[in-house]
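Engineer: Please build the complete structure, drawing on both the sequences and the hints.
Protein chains in written order, with this note's numbering: chain A, 1 to 476; chain B, 1 to 437.
By construction, these hints were calculated from the structure, which means they are not laboratory data.
Ideal Cβ positions, reconstructed from N, Cα and C, are used throughout, including at glycine.
Misleading hints may appear alongside valid ones.
[Claimed, not checked] Here's a subset of chain A near chain B, in silico, CB distances under 8 Å, partners left out:
1. V194
2. A228
3. I330
4. N334
5. T351
6. L354
7. S355
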Amino acid sequence: MKLNTLTLAQAIEKLKKKEISLSELYSDIQLAMEKNKDLNVYLKVDEDAVKKAHKKENEMLAGVPIAVKDNFLTVGLPTTAASNVLKGFMPPYESTVTKKIQDAGGVVIGKTNMDAWAHGSSTETSDFGLTKNPRDPKRLPGGSSGGSAAAVAANMCIAAIGSETAGSIRQPAAWCGVVGLKPTYGRISRTGVVAMGSSLDCPGPMGKTVEDCALLLNVIAGKDIYDATTADIPVPDFTKNLKKGAKGMRIGICYMNYPGIVGTPMAEAVTRAGKIFESLGAVVDQVSLSMSVSDHFKSNTIIAPNYAIGVYTIVQRAEVSSNLARYDGIRYGNDRSFLGEEAKRRIMLGTFALSKGYADKYYLRAQQIRSLYIQNFRELFKQYDLLISLSSPGVALPIGASAESPMFGELQDLLLEPSSLAGLPGISVPCFRDPSAETDLYLGLNIMANHWQEEKMLQAAYAFEQNTEWNSWIKK
Amino acid sequence: MNTYEPIIGLEIHVELATKSKMFCGCKNDPFFASDPNIYTCPVCLGMPGGLPVPNKKAVEWCILLGLALNCRIAPESKFDRKNYFYPDLPKGYQITQYDQPFATLGKLGNIRIRRVHMEEDTGKLIHATVDGKRVSLIDFNRSGVPLVEIVTEPDFRTVEEVDSFLKKLQQIIRYLAISGADMEKGSMRLEPSISLRRVGDTKLPDYRVEIKNINSFRFVKKTLEAEIERQQNPKERYQATRRYDEKTGTTLLMRAKEEAEDYRYFPEPDIPPMRFEKKYVGKLKSTLPELPDAKKDRFIKTYNLNEQDSILLVETKVFADYFEECIKVTPKIGLVNEISAKKIANWLINKRPDIETVLPVQFIEEIRNAVTVVELSSEEITGAINSVIETKKQAVEDYRNGKEQALMFLLGQVIKELKGKGDKQIIIELLRKELKK
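Structural biologist: Okay, here's the thing in C-alpha cells:
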C-alpha cells in the first residue's frame, strides 16, 4: 500500500504506533510528486521537509506533510500568492495558521499553486502556469485553492490548507473530489495570509475525509491576538461528536428551483443527498426560493443567489483595490507593472466602486443588500440546523474555460457567495461522480451551518460521507 | 480700510504618547529612536498579511480628549481606510475615521469642535545625498504612531483667538497627560484654513487656503498674519494648499485644488466596529482630571486668589498640584496662620522654585524664614520687647539675677505681643540686647 494515500487520521495513528516510518511516508509522497509533475501543483517544495518531520515524531500531528496554499506566509519558503509581483519574496514572519500546524507537529511540505492573489476559481490565472485536475488532466482543478485541492486528490500530501473568500476552498474541493471546509469568518486567523477580500477571507482545511478536516480545524482554529477579526469563542474538539450521526437534524435543501439547476442531473444529486440524510434520521425539506431580496425575513424562503454576485463582486473588488495598494515595489517585491490582467481588472473595478459619486450607488448599496442576505440566513437558521446545496453548479470544466468570462469565478461560486457574505461556515463533500464521463468527475455537496456551528456541520458531513460511495478514501 | 474679516478654522494633529503604536506592538518613540526603522514590524511596514489590532489605550485617550473638549461620544464607531499613494504610507491607505468619529460637536471657549478622531501617523521621508546620489530615504519609526485629529468649525475671526485656543488646547492635552503636544517636535501639528469674507456677510466664502508646515508655536501668528495680508489681494482668494516658509516668513503655493481629492473611504474590514456603552463613557469621564479652567475657578473660590494669579498657577498640572501640596503641608508645620494661600501663590509665581528638587515643605520653610524678617521691622520687635520689660518687672529682675529660664518666659510674652509673628532667633537676640540696657 502506498503510504501517501493514507488519510491524516490513519497516518497519525500508524506513525504513533510505529507501523510506518516518516521516511517511507515522505518517500511515497515524493514519488507521487514526481509522477504528477505535469499537474503543476506545487510552486515550491521544502527539500528539508522530511528532516523537519523527524523532529516532530512525538507531537500531535507526528510530522505529517501538509501542503499549504501559496498565499500563507512561510519563513524559509518563498511566498508569492502566485503573482510575479511577489516572485521570490521571502516572508520575514510566519502566518498564524502555518505556525499552529508546525507547533502541533505538522510539516509544511510545500506551497501550492493558486489563482494569482486568489483572484479566480480555476487556478488558470496563476502567473506560474495553470494546475491540472488530477482526476482528469484535461480539466481545471477549480480555484483559487486549486493547487491544494489537487495536492490532496493526487496524494501529494496528507492534507492541505486553502483559503476561501467565496468558494475558493469548496469549489476546488468539489472539482477534485476531496473535502474542503470553510469555517465561520473569524474562526481562523488571517494573520500572515496575503489579503484578498478582508471582510470575507477565511483560511480552512482541505483533506481526504471529513475527519481529516476536523482534525486540522482543531489545530488551526481559535482567537489570534494579531487578528482583531478573530472571535474569542471557545474552540470545541471537532472530532468529539463527529460520529454521532445526523439523526433529528433539520436540513433545508437550497436553490433547487434556480434557473440552470432545476431539473438537471446536478439537482438530482442534491435530491439524492437529501434522501440519504432522511434515511439517517434527519428531517429534510426544500427551502422555497425567492427572486426578491425583500423576502429576506421569511424563515422558509431563501433569496436567490444572483444578487449576491453583484454584492460580492463590489465588496470584494473594493477591498482588493485597497489591499493590493501596498504592492508598490518600493520595499519588497516587484512593481505594479507585474500585476496580471485579472488583478488589474479587479483594482479598476474596486477603485471605481469606491469613487466619489459612485460609492453610494455601488459600495453602500452592496453593503445594504449584504445585510439582507445576513438577515435571511438568520431567519433560515431559526428553522434549520443545516442548509445544503451544490458547491458548484457543475463538474470540473475543461482547461481554458476561465478565459471565456471575466465573471467566470463568480458564476462558479454563485451558490456559495450568499453564505460567504454572511460569514457562514460550509463544507464540501463529494456527493456524486458522473458515470457518463470517461474520467472521474465529481460534484460537491455544500453543507452550511449557522455561525460557529462547524461541529454540527462536520457531524452531518461525516454521516453523509460514511453512508455514500463517493469518497474513494473511505473503505466501507 | 478693513472691510474684510478673516475666517479661520483649524485642523490639529496630536501624536499620543502611548507605549506602543496604534495598531501593532512596536514601541512608540519616534523622536528618541537611536536609528531609523528600529521600531517596525510587518503591520507598520505594510507587509503582506499584517493586520491592525487597535491600541485600547489610544482609543481611550482619544475619547478622553473628546470628553475634555465637551464632545458627544459616538455610541457606535468604526475605523475606515483612506486610500492614497505616498512612499511614507506603506499600506497604500491610512487607517482613520471617516463618518463615525469617536467624538463630535464639542466646544472649547467660543470655538466649536466639529470632530475628534483617531488615525495613524505615516513614516517620514528624508531626502539626502548618499554616495553622491540624491536619494529619498524612509524611516518607519513613526509609521503607525497613534494620531488624534481635532477639527474646529471656522469660528476664529482673529489671529489672537487662534493663538489662545491652541495654548488652551495644548494645556488640556498636557493635563490629560496623553501627549507632549510639542509643535517643535511635531507631536502637535497645525493646519489652519483661512479665507476672507466681507464684513457683514453671513455665508462662508467659497474657497479656503489650507496651510501646512507650521513647525513652531512661534510661527502660528506670523503665518496667519502673512496669509491674511496676502489674501487682501482679491486675486489670491482661491482654493489652495500652501506651506509656511520659515526663511521668508510667507506662505508658498503647494497646489491649487480644482476639487477635493478622492480618497475612496470605506470601512476598515480588518477591525470590527466598536460600541461605547454609556457606562463605559461615564467611567472614562469620571477619570478626567480637573481641567485648567475648573481648577482656576476653584483656586479663586477656595483660596481667595485673584484671577491672574490663578491662571498662572494652573498653567501646568504639576505646578498647580505643587501649590496645593504647599497649602497642605503648611498647617502640618504649624504655620497656617503665618503663611496664607495668597502668600504661597505669590511666592510660587515670583520665585518659580525648581519643583522637581524643592519639596513643598522646604519651600514653605523658605517662605517663613524670609517672611518673618521682611515683615517685622526691628523697631516693631523692640517696641514689643520694651512693653514686656515694662510690665513683667519680676521676670526681668529674675533674669538679671542670673535666672536663665526667665528669658524663655519673656520670649513667650514678646511672641504673644507680636501675635506669633517674627523669627525666634532675632527676637531672642534683640531681647538679650534690651535686657542688657
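Engineer: Each hint should be assessed against the structure and marked as holding or not.
Structural biologist: Now for the hints, and whether the structure bears them out:
Contact between V194 of chain A and chain B, as hinted, is supported at the beta carbon level, the nearest pair being about 5 Å apart and thus within 8 Å. Satisfaction of the interface hint for A228 of chain A is found here, the shortest Cβ-Cβ separation to chain B being roughly 5 Å, below the 8 Å cut-off. The criterion of a C-beta within 8 Å of any C-beta in chain B is met by I330 of chain A, whose closest approach is roughly 6 Å, and the hint holds. Because the smallest distance between the Cβ of N334 of chain A and any Cβ of chain B comes to about 13 Å, over 8 Å, the interface hint for this residue is violated.
Of the supplied interface hints, the one on T351 of chain A holds, with its beta-carbon coming within about 7 Å of a beta-carbon of chain B, less than 8 Å. Below 8 Å, beta-carbon pairs count as interface contacts, and L354 of chain A has one with chain B at about 4 Å; its hint therefore holds. At about 6 Å, the closest approach between the beta carbon of S355 of chain A and any beta carbon in chain B falls short of 8 Å, and the interface hint on this residue holds.
The structure shown violates just one earlier hint, number 4.
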